[in-house]
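Heads up: the sequence lines are chains A and B, in that order. Position one of the first sequence corresponds to residue 1 (the working numbering), numbered consecutively onward. Position one of the second sequence corresponds to residue 1 (the working numbering), numbered consecutively onward.
Don't read these hints as lab results, they were simulated from the structure. Some hints here could point you the wrong way.
Only some residues are given here: those of chain B computed to face chain A with a beta carbon under 7 angstroms [stated by the list, open to error]: (1) H33; (2) S54; (3) F58; (4) A62; (5) L68; (6) R69; (7) T73; (8) L75; (9) P130; (10) S267; (11) S271; (12) F272; (13) G284; (14) S291; (15) L292; (16) A295.
Now the stretches of chain A that chain B is said to cover, found in silico as 3 or more residues with beta-carbon under 8 angstroms [claimed, not checked]: (17) 58-66; (18) 113-126.
Just so you have them, the derived chain A footprint on chain B, three or more residues with Cβ under 8 angstroms [as the list claims (entries may be wrong)]: (19) 39-46; (20) 113-123; (21) 137-145; (22) 246-254.
Using N, Cα and C, we set each Cβ at its ideal position, and we do this for glycine too.
Below, each chain spelled out in residue letters.
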Amino acid sequence: MKHGPARGSLSTLVGVLLLGVMLFPVYWMVNASLQPAGTMLTAGWFPRHPDFGGYATALRDQGRNLVTSLVVALGTVVLTLGLAVPAAYALARLRLRGATAVLFGILVTQTVPGIVVANALYGAYTDLGLLNSYGGLILADSTTGVPFAVLVLRAFMRSIPGEIIDAARVDGAGRLRVLWSVVLPLSRNALITAGLFSFLFAWSDFLFALTLNTTDSVRPVTVGVYEYLGAHTNQWNAVMATAVLASVPAAALLVAAQRHLAAGITGGALR
Amino acid sequence: MRSGSRPAPDGAARARLRARVSRWLFLLPALAHLSLFFGYPVVKNVVMSFQEYSVTTFYTGAAPFVGLRNYTTALSADAFWRALLTTVLFTAGSLAGQFVLGLALALFFHRRFPLGGLLRSLLLLPWLLPLVVSGTTWRWMLDTDSGVVNQALRDLHLLSSGIPWLTGTSEALVSVILVNVWVGIPFNTAILYGGLQDIPAHLYEAAKLDGAGRLASFRHVTWPLLRPVAGVVLVLGVVYTVKVLDIILVVTGGGPADATQTLATRSYQLSFQQFEFGRGAATGNVLVLVSLAFALVHLRADRRARNS
Chain A
1 MKHGPARGSL STLVGVLLLG VMLFPVYWMV NASLQPAGTM LTAGWFPRHP DFGGYATALR
61 DQGRNLVTSL VVALGTVVLT LGLAVPAAYA LARLRLRGAT AVLFGILVTQ TVPGIVVANA
121 LYGAYTDLGL LNSYGGLILA DSTTGVPFAV LVLRAFMRSI PGEIIDAARV DGAGRLRVLW
181 SVVLPLSRNA LITAGLFSFL FAWSDFLFAL TLNTTDSVRP VTVGVYEYLG AHTNQWNAVM
241 ATAVLASVPA AALLVAAQRH LAAGITGGAL R
Chain B
1 MRSGSRPAPD GAARARLRAR VSRWLFLLPA LAHLSLFFGY PVVKNVVMSF QEYSVTTFYT
61 GAAPFVGLRN YTTALSADAF WRALLTTVLF TAGSLAGQFV LGLALALFFH RRFPLGGLLR
121 SLLLLPWLLP LVVSGTTWRW MLDTDSGVVN QALRDLHLLS SGIPWLTGTS EALVSVILVN
181 VWVGIPFNTA ILYGGLQDIP AHLYEAAKLD GAGRLASFRH VTWPLLRPVA GVVLVLGVVY
241 TVKVLDIILV VTGGGPADAT QTLATRSYQL SFQQFEFGRG AATGNVLVLV SLAFALVHLR
301 ADRRARNS
């Protein structure tokens with residue numbers, strides 16, 4: 001369909017306006033984070049005199065929690081890919097009897113609410129001494145990433161031409177070797193997509209961080225913000241500065257890895 | 001039987017078996033993880049829902065079996081039925097808002113225009129932000145006295161006092177639905193946009209030749225072909241929305257006066273604030289059933305649609 005240039009730029013204008021409305025809360029979060037500590041009751045529409053005091057307070061109070069979030073999220077990415085890659089390869093290429101049942105099971109896991117998982121894990125973690133540990137939280141956080149990563153990676157690995165794999169097999173490579181040196185390099189894009197989403201899932205996790213930690217030894221920034229809300233509602237600039245800092249990974253990935261994010265949303269949902 | 005006397009065909013069978021086992025080994029770590037972190041919790045919740053937990057259970061280990069008592073107390077409490085109703089309203093409201101606005105945006109971006117692709121991907125931001133962050137931002141925006149929403153309404157002279165977005169019992173549910181709609185729009189737009197892209201352009205041209213206007217071509221071309229994708233979005237929407245917890249905990253904490261308490265937040269409160277893990281598990285199980293029922297209805301409809 002062809003449109004005149006005038007109509008095209010009108011659409012662009014409307015698009016910018018719509019995006020402006022949708023992203024207003026994000027703008028407002030940044031605006032609020034740049035207000036001085038005292039005058040928060042009536043924040044101006046623009047931060048005319050940006051004040052970075054909120055960030056100073058946020059980094060002092062929440063710096064450690066941000067590092068904790070980073071460690072947990074990176075650990076979750078490693079664990080998730082370590083579990084999902086061989087599984088996706090097996091489901092995509094190894095002609096397993098029962099593969100359909102496994103896939104169905106993976107889809108059914110999506111209907112299990114996090115609170116049900118947390119409810120049962122609390123008792124098990126108490127007995128195993130996994131409460132308040134990085135390992136325990138990483139294991140729990142991967143529950144969101146693993147099913148997603150398996151689906152995305154499997155869909156991609158199925159699209160790799162069989163001849164490439166057969167050629168490597170004829171050359172005497174074992175299945176593990178084929179996976180490592182043929183399938184994985186070809187699946188680079190799907191790996192990035194799966195890795196990015198596992199990172200974001202773990203970085204955003206709130207429920208497991210809240211329920212599987214009873215002390216402040218392993219406290220991700222999401223729980224940090226939540227507790228901040230309870231204690232410091234008069235220091236909105238520091239609360240909002242923490243919120244901005246916690247948004248940095250999502251925003252950075254959106255700018256740097258747009259293509260992979262879009263691929264993940266459709267890939268994960270539609271198989 | 002000694003392996004030395006084994007005849008040749010048996011050896012071949014053994015090699016085949018070994019190959020089959022080694023193939024399953026690729027799947028084993030992920031299956032073990034899924035069983036421990038989805039399978040075990042579901043089974044354990046069923047068991048817990050027949051037990052009585054208290055504050056001391058985790059020290060003494062004593063959680064006596066009480067049969068169906070957790071269910072009878074849960075189901076006879078008014079709070080349970082209110083939470084169920086709130087869950088239904090929250091889910092229906094969220095889905096309606098997300099789907100209609102998401103579809104409108106998808107249709108808008110489907111007409112190609114300069115910078116369309118860039119704007120469309122920037123739209124994903126609300127969906128990618130941690131829910132706690134979005135909840136915190138909205139909580140401040142919706143504050144009765146100092147929030148920007150009421151401030152804007154006052155500046156436009158639409159309102160002299162403030163709407164108690166988070167503190168009014170009927171407003172609070174509307175507010176958490178609003179926040180959840182905002183979070184969910186990008187996902188709906190992304191998937192529905194993908195569905196629109198898959199509709200062959202020549203069908204629209206044919207419709208146009210037949211004299212169909214915009215509305216007619218939407219009704220007779222777009223909607224019928226988009227329906228499978230719309231079904232997926234809506235079912236995923238139900239499955240994801242019934243278990244929403246972060247947003248409600250952050251924005252209203254389930255209040256005021258339990259006005260935004262859903263089955264998910266109630267289960268959380270029973271287990272982790274009152275340490276009544278048995279009743280928390282019973283409430284959580286109702287949630288699993290609701291979610292599972294929707295998913296199965298969808299899968300059946302999907303299969304029937306594919307077979308016909």
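Hints versus structure:
1. Taking 7 angstroms as the C-beta contact cut-off toward chain A, the hint placing B/H33 at the interface holds, the least distance being around 5 angstroms.
2. Against a cut-off of 7 angstroms between C-beta atoms, the interface hint on B/S54 is violated, since the closest Cβ of chain A lies about 13 angstroms away.
3. The interface hint given for B/F58 is met, as the beta carbon of that residue sits about 5 angstroms from the closest beta carbon of chain A, less than 7 angstroms.
4. Taking 7 angstroms as the C-beta contact cut-off toward chain A, the hint placing B/A62 at the interface is violated, the least distance being around 13 angstroms.
5. The restraint placing B/L68 at the interface with chain A is violated, with a minimum CB-CB distance near 18 angstroms, outside the 7 angstroms limit.
6. With its C-beta approaching chain A no nearer than about 18 angstroms, B/R69 sits outside the 7 angstroms limit, and its interface hint is violated.
7. At a threshold of 7 angstroms, the smallest CB-CB gap from B/T73 to chain A is about 17 angstroms, leaving the interface hint violated.
8. Taking 7 angstroms as the C-beta contact cut-off toward chain A, the hint placing B/L75 at the interface is violated, the least distance being around 18 angstroms.
9. With a least beta-carbon distance of about 4 angstroms to chain A, the hint placing B/P130 at the interface is held under the 7 angstroms criterion.
10. The beta carbon of B/S267 is positioned within 7 angstroms of a beta carbon in chain A (closest approach about 5 angstroms), and the interface hint is therefore held.
11. The beta carbon of B/S271 comes within 5 angstroms of a beta carbon in chain A, closer than 7 angstroms, and the hint placing it at the interface holds.
12. Restraint check, B/F272 versus chain A: the minimum CB separation of about 6 angstroms is within 7 angstroms; hint holds.
13. Checking B/G284 against chain A by beta carbon gives a least distance of about 4 angstroms; that is within 7 angstroms, so the hint holds.
14. Contact between B/S291 and chain A, as hinted, is supported at the beta carbon level, the nearest pair being about 4 angstroms apart and thus within 7 angstroms.
15. At about 5 angstroms, the closest approach between the beta carbon of B/L292 and any beta carbon in chain A falls short of 7 angstroms, and the interface hint on this residue holds.
16. For the restraint placing B/A295 at the interface with chain A, the shortest Cβ-Cβ distance is roughly 5 angstroms, inside the 7 angstroms limit, so the hint holds.
17. Residues of the region 58-66 of chain A with a Cβ under 8 angstroms from some Cβ of chain B number 0, which does not satisfy the need for three, so the listed coverage is violated.
18. Coverage of the region 113-126 of chain A by chain B holds [criterion: at least 3 residues with CB-CB distance below 8 angstroms; count 13].
19. With 5 residues having a beta carbon nearer than 8 angstroms to a beta carbon of chain A, the region 39-46 of chain B meets the requirement of three or more and the stated coverage holds.
20. Remark: the region 113-123 of chain B is confirmed as covered by chain A, as 8 of its residues place a Cβ nearer than 8 angstroms to a Cβ of that chain, reaching the required three.
21. With 6 residues carrying a beta carbon less than 8 angstroms from a beta carbon of chain A, the region 137-145 of chain B meets the three-residue requirement, and the given coverage holds.
22. For the region 246-254 of chain B, the stated coverage by chain A holds: 3 residues have a C-beta nearer than 8 angstroms to a C-beta of that chain, and at least 3 were required.
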